[in-house]
Amino acid sequence: MLTPLLASSDAWLCRSDRKGEYSYHNHLDSVTNYSFSEDDIAGFTANKEAYMRASDSTYFYEMRRRSDTVDMSWDEVYHRHRELFRVESYKESVNNTDFDIDVDGYDYVMRLLSMELKFDYERKIK
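Offset between the sequence shown (1-based) and the working numbering: plus 230.
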């Protein structure tokens with residue numbers, strides 16, 4: 231089932247019964263950094279959702295659970311996303327002059343998390 235979600239925050243993702251669900255939601259450019267937030271990935275992982283897709287004015291992005299996706303608690307995933315952004319995205323912004331942390335920082339984190347937690351992730355320009 232595809233569940234359209236309209237909310238001013240990502241609070242709906244926290245610790246709910248969404249196992250196996252498919253969801254789609256929109257992001258405001260001013261608050262999303264052009265990819266999934268820490269709330270999005272934490273909810274997707276902890277709630278064992280099958281698929282999540284979101285969009286903003288520039289990109290579509292999606293994540294898809296695999297049979298080997300790692301199970302972690304909401305708090306663990308949430309804080310891991312924040313840690314990777316704080317450390318790895320900032321390192322990348324220093325080492326790569328083409329890297330715009332405001333546009334690519336969360337996307338970079340999601341790519342790292344997709345390898346770490348074994349889920350499929352993709353961001354496409356509209």
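The set of hints was computed from the structure by calculation and includes no laboratory data. Be aware that a few hints might be false.
Lysine-lysine pairs mimicking DSS-like chemistry, simulated, CA-CA at most 25 Å apart [said to hold, decoys possible]:
| no. | residue 1 | residue 2 |
| --- | --- | --- |
| 1 | K354 | K278 |
| 2 | K321 | K278 |
| 3 | K321 | K354 |
| 4 | K278 | K348 |
| 5 | K249 | K348 |
| 6 | K321 | K348 |
Simulated restraints, written as ranges between beta carbons of each label pair [unchecked claim]:
| no. | residue 1 | residue 2 | range |
| --- | --- | --- | --- |
| 7 | K354 | S297 | 22 to 32 Å |
| 8 | K356 | Y252 | 19 to 29 Å |
| 9 | T288 | Y320 | 33 to 43 Å |
| 10 | N326 | K249 | 32 to 42 Å |
| 11 | V324 | D247 | 19 to 29 Å |
| 12 | D305 | E352 | 35 to 45 Å |
| 13 | Y254 | V324 | 26 to 36 Å |
| 14 | D247 | F329 | 16 to 26 Å |
Glycine included, each C-beta is placed from N, C-alpha and C at the ideal position.
Okay, the hints, checked on the actual structure:
no. : hint                       : result
1   : K354 with K278             : holds (24 Å)
2   : K321 with K278             : violated (31 Å)
3   : K321 with K354             : holds (24 Å)
4   : K278 with K348             : holds (13 Å)
5   : K249 with K348             : holds (17 Å)
6   : K321 with K348             : holds (23 Å)
7   : K354 with S297: 22 to 32 Å : holds (24 Å)
8   : K356 with Y252: 19 to 29 Å : holds (20 Å)
9   : T288 with Y320: 33 to 43 Å : violated (22 Å)
10  : N326 with K249: 32 to 42 Å : holds (38 Å)
11  : V324 with D247: 19 to 29 Å : violated (42 Å)
12  : D305 with E352: 35 to 45 Å : violated (26 Å)
13  : Y254 with V324: 26 to 36 Å : holds (35 Å)
14  : D247 with F329: 16 to 26 Å : violated (38 Å)
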